[in-house]
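Trainee: Chain residues, written in single-letter form:
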Amino acid sequence: MPELAIRLRSIVKHYGEIVAVDGLDLDVPEGTCVGLLGPNGAGKSTTMKMLTAQVIADEGELEVLGYTLPQESKVARAECGVVPQLDNLDTTLTVEQNLRVFAHLYRLGRGERKDAIERSLQIANLTDRRDAKVDELSGGMRRRLLISRALVHRPRLLLLDEPTVGLDPQVRQELWALIDALRSEGTSILMSTHYIEEAQRLADTVTIMSHGRAVAHGRPSELIVRHAGREVLEVYGPPARLAEVEAGALADGVRTRRTGTSVALMGIENRDGELPEGERRPANLEDVFVLLTGEEIA
Amino acid sequence: MSSIHAPRRRRRLGRLERPAIAGVLVREITNFGSFWRATTFSSTVEPTLYLLAFGFGFGALVSRVNGLDYVDFVGTGTVATAVLFSSVFPSMFGTFVKYQFQHTYDAILAAPVDTEEIVTAEALWISTRAGTYGCVPLLVAIVFGLDPRPDMLLVPFVAFVSGFGWACFGIMIAGLLKSIDNFNYVTSTVITPTFLVAGTFFPLSELPKWAQVLGNVNPLHHTVELVRHAAFGWEGLVDLAHLGALVLFALIMWRFAIRALTRKLIT
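Quick note, the sequences are listed as chains A and B, same order.
Quick note on numbering: our numbering labels position 123 of the first sequence as 123, and the sequence is numbered without any gaps.
Quick note on numbering: our numbering labels position 167 of the second sequence as 167, and the sequence is numbered without any gaps.
Everything labelled a hint here was simulated from the structure, so no lab data went into it.
Incorrect hints may appear among the rest.
Claimed, not checked - Away from chain A, derived, C-beta distances all over 10 Å, residues of chain B: (1) A53; (2) L109; (3) T132; (4) P208; (5) I266.
To be verified - So the derived list for chain B, only partly shown, Cβ under 8 Å to chain A, looks like this: (6) L13; (7) P19; (8) G23; (9) R27; (10) H103; (11) A107; (12) G236; (13) T267.
Since the structure is predicted, the reported quantities are computational estimates derived from the model, not experimental observations.
Glycine residues also receive a C-beta, built at the ideal position from the N, C-alpha and C atoms.
The shape of chain B in the complex, shown without the other chains (with noise of 0.2 Å):
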C-alpha cells in the first residue's frame, strides 16, 4: 500500500515507448484478423485493374513512354497508386470511426498510452500493409513482362515510407475534419490531384511548367521515381533527394497527425 506522500514506483513513463505501441499495434493486428480478407482483396484488384485498363487501352495507342513500354511504365506506376490508396484510405476512415463510432481512442487513452503513440503504432501497421500491398503491381506487371531485378526488393521499403507519410496524412485530416462527409473535399482536392499528376499514367514532362512544379511537391511522384529507378536502373543522387524527400514528408505529416488528433482527443 503507498500513501499519498510516498508513491511506489518511478513517477512518470517515457514518450513513445515501446510496450505501448506494441500494445496498439496487438489491437491493430488482431482487428486486421478479421476484415484482412476483404482488404487484400480490394487491394490486389484495384491495382491490378488499373494496370490493364491503362496498359493495355492506353498502350494500344502508346507503346513506349521515355523509352519504356509502356505496360511497364504504368505498371511501376500503379505501385504508388497502390501505396495511397491503401494508406490514406484507411488511416483518414478508420482513424474517424474509431474516434467518433467506436470510441476505440477512449479505451486505449484509459491505458498507460499517450495519443503521440497511437498514432505512431497506427501509422506503422498502415505502412506495413502499404508496403506489402504496393508490390502488388509490380507481381502483375512481372507476369505481363517487366524484367525481376534485385533492386526491386528496395520498392517495399519505398513503399512503406510513403504509406506512413500517406497514413499519418490520413489521420491528420481525421483529427481536423468534424464530419466523415467533409472527407469528400479532401479527396476531390488532395487526394485525385495527387494521383493524377504523379507521373503514374503519363510523364510530368509533358505537362505545362506550373504542373510540373507542382508535381515535384507531390510525395507519390518521388514515390512513383524510386519505383521506377528500382525497376529500370538508379539515378544516384537524384534518388537520394527523392528518398530524402519521402522522408520529410513523412516526418512532417507525422507530427502534425500528433498534434491534431491530440487537440482531437485531449480537451
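Isolated chain A, as found in the complex (with noise of 0.2 Å):
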C-alpha cells in the first residue's frame, strides 16, 4: 500500500439543504502533486477548508499526513502549508515581518527563524524587497510571498487553493515552476484548480469533482484516452447543422461537446464511416472536464 499524505474516504458536508460534498473519497500520495479539477461550486474549496478542519465533515474518514482529523488536525496543522485563494497577508507589515509572523506560528525555534526567513525570501525571489510593505508589491510578488510564507517551517505537504487564479500568464508561469520545484523535491501537494492547464502541467494525478464528488481520477494522458478518445473532430457551422451533427453523433455513439461556435466529436480516431467535414485536433483534458461536469470552461 502507498504511503499516502492524504486520504479522504466517503465525506460528506451539508450546509443546510445544500449538499457541498457528497461522498468524495480523494487520495494524495507521497511525493506526488494531486490537481483537485473542477468547475466553480463543485466542493473544492470546501475539500480545502476540511484538511486544515477549518470545515469539519458531516459524514467520512478523513486523514492527513497520517493524523486523524479533526481530533488531531493541530499536529497536522504544523506539519502542512497552505496557500489560501484569498490573499491574507498582513498589508501594513514588511515582506519580511509577514514571514517572521508565520515563522512564530509554525513555532520555529529562536536558531531556526533567520535561516527559515532567508530561504522564504529566496524561494518568493523577495530577498531584496525584505523591507518592502505588502502594500507596495505587485500582485506576483504578493503571491510569490504567500506561498513562501506557507514553506517557512517546511511542510511536507502543501495545501494550495487556486493558487493562479487572477494572475497575469507569464506571472502564472512563474509560480508554476515554483510548484514544480516544490514537487521535484518530494513535497506533496494538494492543489484546487479550475485551469485546465495549470492540472495538466503540475499534477501527476488529477481528480475532477462535480456537485461534490469525485467523478474521475488518473494521470491526465489516462483520463484523455478513457473519457475522450485521442482525436477529436471539431465541427463549424451555423447553429442548425451543429444540431445536426451532434444528432448524427447521438446514433452512432459518438460522445460529443458543444462549445459556442462548434461541436468537437470526442475519440474519433477509430471511426473509419462518414464523418462530417471539420478539423482534426488530439484530445485534451478541457475535453474530458467539460465531458464530466457537463460545464463549459469560463
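Hey, can you piece these two chains together into the complex? The hints should help.
Mentor: Structure, rendered in C-alpha cells:
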C-alpha cells in the first residue's frame, strides 16, 4: 500500500439543504502533486478547508499525514503549508515581518527562524524587497510571498487553493515553475484549480470533482484516452448544422461536446465511416472536464 | 518518512498552548508597530478631553462630590472610560475586519493554532494596551492636583482585568453580528449606557433605585470603584467583591467570545 499524505473516504458535508461535498474519496500519495479540478461550486474549496479542520465533515473518514481529522488536526497542521485562494497577508507589514510572524505561528525555534526566513525570501525571490511593505508589491510578488510564507517551516504537505487565480499569464508561469520545483523536491501537494492547463502541467494525477463527488481520477493522459479518446473532430457551422451533427453523432454513439461555435466529436480515431467536415485535433483534458462535469470552461 | 499507519510524533497537541498564544501575540504586536501612534494619540487625548471638559465645566458648578474634589472624582472615574474605549472598540472592529476583510483568521487557523488560542491571545494583547492607556487619565489628574499614592500602582492591574472582559465582549459581538453596521446597535444599547451609568461623572447614589441596581451589575462601575479606592483608600471586602465581579465578568466573556468566534470560523 502506498504511503498517503491525504486520504479521504466517503466525505459528506451539508450546509442546510445544500450538499457541498457528497461522498468524496480522494488520495494524495506522498511525494506527488494531485490536482483537484472542478467548476466553481463543485466543492473544491470546502474540501480544502476540511484538510485544516476549518470545515468539519458531517460523515466520512479523513486522514492527513497519518493523523485523523478533526481530532488530530492541530498536529497535522504543524506539518502542512496552506496557500489560500484569498490573499491574507498583513498588508501594512513588510515582506520579512510577514514571514517572521509565520515562523512564530509555526513554532520555529529562536535559532531556526533567521535561516527559515532567508530561505523563504529566496524562494519568493524577494530578498531585495524584504523591507518593502506588502502594499507596495505587485500581484505576482504578493502571490510568491503567500506561497513562500506557507513554506517557512518546510511542510511535508502543501495545500494550494487556486494558486494562480486572477494572475497574468507570465506571472502564472513563474508560479508554475516554483510549484514544480517543490514537487521535484518531494513535497506532497494538493492543488485545487479550475485552470485545465495548470492541472495538466503540474499534477501527477488529477481528480475531477463535480457536485461534491470525484467523477474521475487518474493521470491526465490516461483520463484523456479513457474519456475523450485520442482524436477530436471539431465541426464548425451555423446552429442548425451543429444540431444536425450532434444528432448524427448521438445515433452513431459518438460523444460530443458543444462549444460556442462548434461541436467536438470525441474519440474519432477508430471511426472510418462517414464523418462530417471538420478539423482534427488531439483530445485534451478540457474535453474530459467538459464531458464529465457538463460545464464549459469560463 | 512516515506511513499512514505509523505517525511519527505525538498525536495530539494540547489546548491553550503557550507557543500558539505567543505566535498570535507576535502577529498582533508586529501589526501594532504600524498603527501605535494613532492609537496612542486617541487613547491619550480623548480621556484628557473628557477630564478637562467635565472636570472644569461641571467642576465650576459642583466643587465636591462624595467628599472629593470634582476634578479628582472625574479624573479617577475616566480611567474606566479609557479602559472601555481602548478595549471594546479595537476588539469589536479589529476582530470583524480581520475576519471579514483581511481573512487573517484563515491564515492563523491553517497553522497549529485554535480559535480558543486566537481569542485568548488577542484579548490578552488588547487588555495589556487597555491597562496601559487606562493610566493616562490618572496621570493627567495628577498633573491637575490629584495626590499620588503607592496604591495607584494597582490601577494598571485593575484596568487589565476589566479590559480583558471588555475585549472578550467585543470579540463576542464581532463573532455574533453579521454586519459591521449592526455594531451601532451595540454601541447605543450597551456601550453608551455602560459608560454613562458607571459612576464616572456622577455618583450612582443620586440615581433612581432601578438605575442603581443596573449600575451595580455594570462591570465598568466596579472598575470605577476600584480605581477610586486605589486613589483615596481601600474598603476591604467591598473591594474584593468589586474585583471578584470583574474577574467573573472577564471569565464569562472569555468563554462566550471563544464560542461565538468558533461558530463563525469553524463550519
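Trainee: The structure should be examined with respect to each hint, and the outcome stated for every one.
Mentor: Hints versus structure:
1. At roughly 33 Å from the closest C-beta of chain A, the C-beta of B/A53 stays outside 10 Å, upholding its exclusion from the interface.
2. Not every CB of chain A is more than 10 Å from the CB of B/L109 (nearest about 5 Å), against its label as outside the interface.
3. B/T132, annotated as away from the interface, keeps every beta carbon of chain A farther than 10 Å; the closest lies near 21 Å.
4. Against the 10 Å criterion, B/P208 stays outside the reach of chain A, whose nearest CB is about 47 Å from its own CB.
5. Residue placement check: B/I266 does not keep its beta carbon more than 10 Å from all beta carbons of chain A (closest about 6 Å).
6. Because the smallest distance between the Cβ of B/L13 and any Cβ of chain A comes to about 4 Å, under 8 Å, the interface hint for this residue holds.
7. Of the supplied interface hints, the one on B/P19 holds, with its beta-carbon coming within about 5 Å of a beta-carbon of chain A, less than 8 Å.
8. Against a cut-off of 8 Å between C-beta atoms, the interface hint on B/G23 holds, since the closest Cβ of chain A lies about 4 Å away.
9. Using the Cβ-Cβ criterion of 8 Å, the hint placing B/R27 at the interface with chain A is satisfied: the shortest such distance is roughly 5 Å.
10. Interface restraint check for B/H103: the shortest CB-CB distance to chain A comes to about 4 Å, inside 8 Å, so the restraint holds.
11. For B/A107, the interface hint holds, the least distance from its beta-carbon to any beta-carbon of chain A being 4 Å, beneath 8 Å.
12. Because the smallest distance between the Cβ of B/G236 and any Cβ of chain A comes to about 44 Å, over 8 Å, the interface hint for this residue is violated.
13. Given hint, B/T267 at the interface with chain A, holds; its Cβ is 5 Å from that chain's nearest Cβ, closer than 8 Å.
Checked against the numbered hints above, the structure violates hints 2, 5, 12; every other hint is satisfied.
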